[in-house]
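Colleague: Here the protein sequences line up with chains A and B, keeping their order.
If you read the first sequence in the working numbering, its first letter stands for residue 1, the second for the next number, and so on.
If you read the second sequence in the working numbering, its first letter stands for residue 275, the second for the next number, and so on.
Since the hints were made in silico from the structure, they are not lab data.
Ideal Cβ positions, reconstructed from N, Cα and C, are used throughout, including at glycine.
Warning: the hint list may mix true and false statements.
Stated by the list, open to error - Per the computed footprint, the stretches of chain B lying under chain A, defined by three or more beta-carbons under 8 Å from a beta-carbon of chain A, are:
| hint | segment |
| --- | --- |
| 1 | 275 to 288 |
| 2 | 428 to 438 |
| 3 | 452 to 460 |
| 4 | 616 to 628 |
What the hints assert, rightly or not - Which residues of chain A face chain B? A partial, calculated answer using Cβ under 7 Å:
| hint | residue |
| --- | --- |
| 5 | Gln67 |
| 6 | Pro134 |
| 7 | Glu162 |
| 8 | Ser243 |
| 9 | Leu246 |
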Amino acid sequence: MSIARIEARFAALAREGRAAFAPYVVAGDPDAETAWRILEGLPGAGADLIELGLPFSDPMADGPTIQRGAARALAAGMDTAGVLALMHRFRTSDTSTPVVLMGYYNPILNCGLDAFAATAADAGVDGLIVVDLPPEEADPLADALGARDLALIRLATPTTDEARLAIVAHRSAGFVYFVSVTGVTGVKEADAATIATQVALARAATRLPVAVGFGIRTAQRAAEIARIADGVVVGSALVEEISQSLALNRDPAPKVLDTVATMAQAVRSARTSG
Amino acid sequence: MPPVLALEDAYARAKADEAFQAELAGYLKDYVGRPSPLYFARRLSEHHGAKIWLKREELNHTGSHKINNCMGQILLARRMGKTRIIAETGAGQHGVATATACALFGLPCVVYMGAVDVERQAPNVLRMRLLGAEVRPVESGSATLKDAMNEALRDWVANVSDTYYLIGSAAGPHPYPVMVRDFQTVIGRETRAQILEAEGALPDALVACVGGGSNAIGLFHPFLADDGVRLFGVEAAGEGMKSGRHAAALSGGRPGVLHGAHSYLLQDGDGQILEAHSISAGLDYPGIGPEHAWLREVGRARYLTATDDEALEAFALCARLEGIVPALESAHALAKLSEVAAEVGRDGIVVLGLSGRGDKDLASVAPRLERLG
């Protein structure tokens, strides 16, 4: 499975003629039990691929919403071993939905790259996105993951020019994650025409599917992106639902899964209605 | 990566450009007031039993070594056509130096500062505002220097087209550690000439405090090839190394990656970054410049630690014996003078990097100084 699971999912969606909907949640947010109910419910709510955040103490690429989610998860005792345990449990009931972990380098380095790759593969993880690891420094991790058939998914941003896209695409696996704004998660929104141009550039540099994330907060916006990219990632809008539910003393799981269902529906109907 | 690659390229060109170096030298002389004196501290020498010289960086304009680096980087920012400057600060010394340089060139300036530090370094906050900078308190994480750096990085990636991020320590992604070191080596180059002039010999030891490590690397670097010159960095041991509440990344941390640098870090078993603790806001960083990690690994420099209490005692001692109120950061280096003096002996020459002045610290240390008597 692993890289193959990601490839199979994108291939199937290409045959359906639609983009993947990929929700992002922080593993363990707001606590292990609630996070499990959210994770377990994501495929049924319409997630084609799941990005599971590894909580980190210093998430410098994230806006305030995801910072708060990571802080909640860490305060509730989540750690790397806990995230992988969550994944293990997920794979007992779902073997077809690809899951990629998204996080920062230090906790992974701390585990040891080979040890991390081995335990992640055992837990049923399919790929990894490391936001603070540039391609110039990524070979050791790419080697470790490659030995377990796990994908190291690379990030491109609006400041990534054509020459650099070639560097990003080299050794990339699974898909390329295009960050649609210059900035952190969940704050700004770029216009669809600009994103379309940049996605076209990324497609010219890689044969891999191109997913777009950062700054997609509404179903309407998700549908717009679904018309131009192979995948749509929504994170802050979901983590914000958790914050709001907690503030109202309500169970966040149903609210998050409702939002996922609405957005997944928008992505599914984007190309037929648009 | 593209922003730091562009910076690396621009810095390499500036470094090789004589016009840039001449312009920088001019500002360092006439605006900063360099060279800073190398002063023979007679009473400290008698007290500790070695020939102790103080490299008086606290006499620079703005009161610390931080201005050396700010002048270099602000000239670079101007060459790069950047029109907005951001910075992080701990004790506020780097924030004040950045705000000063921005005022000099009429550039808008935003300084990120942990909310805890905003509280304990009120005089510097006032100075930055007076100089026209906007001080943004950072509430996330431990609300200290590392969180201010996270927030500055977030600002930079969102505004990279017009914004220059002026990092104050020998930390962060390449080329910052190298560039900050280069701009701070003026300390060591002057020291070398001054001590040869005064003593006719190289020093037996150099001592400097280390948070991120910019003043220490600036003092050490021109002496790296001189094997007879022993190098001592002093990290903040906070409430004591055994308490776990300290800021000593080399002495109490493990290798890791934070803010784009691979170095020693305070971290837990899961690789989460731990909060650093020190009475000195300027040493309150859980990492350390990567070059210090290297100097320690190859055995060229040694790294000692000084607790809050030791630093406070040294702070008061320096004031009484020399009439100089040092910054709490520099007081950590002063606190290890006895140890270093014991190693070099009565005729040994020790140069201590007095990185900043302590006026900013008076309010926050007053209650604890009274307890010390």
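Colleague: Are there three or more residues in the segment 428 to 438 of chain B whose C-beta lies within less than 8 Å of some C-beta in chain A?
Modeller: holds (count 6)
Colleague: When the nearest CB of chain B is found for Glu162(A), is that gap smaller than 7 Å?
Modeller: violated (12 Å)
Colleague: Classify the hint on Pro134(A) as holds or violated, based on whether any CB of chain B lies nearer than 7 Å to its CB.
Modeller: holds (5 Å)
Colleague: Under 7 Å, Cβ to Cβ, is where Leu246(A) needs to be relative to chain B, so tell me if that hint holds or is violated.
Modeller: violated (18 Å)
Colleague: Count the residues of the segment 275 to 288 of chain B whose Cβ falls closer than 8 Å to any Cβ of chain A, and tell me whether that reaches three.
Modeller: Our answer is that it holds, as 3 residues pass the Cβ test (under 8 Å) against chain A, meeting three.
Colleague: Can you verify the interface hint for Ser243(A): is its Cβ closer than 7 Å to any Cβ in chain B?
Modeller: violated (14 Å)
Colleague: Is the listed coverage of the segment 616 to 628 of chain B by chain A valid when you require three or more residues with a beta carbon under 8 Å from a beta carbon of that chain?
Modeller: Since three or more residues must qualify, the claim that chain A covers the segment 616 to 628 of chain B is violated, with 0 doing so at under 8 Å.
Colleague: Report holds or violated for the interface hint on Gln67(A), using the least CB-CB distance to chain B and a cut-off of 7 Å.
Modeller: holds (6 Å)
Colleague: Examine the segment 452 to 460 of chain B for residues whose CB is less than 8 Å from any CB of chain A, and state whether their number is three or more.
Modeller: Contact hint for the segment 452 to 460 of chain B vs chain A: violated, 0 residues under 8 Å.
Hint compliance for this structure: hints 3, 4, 7, 8, 9 are broken, all remaining hints hold.
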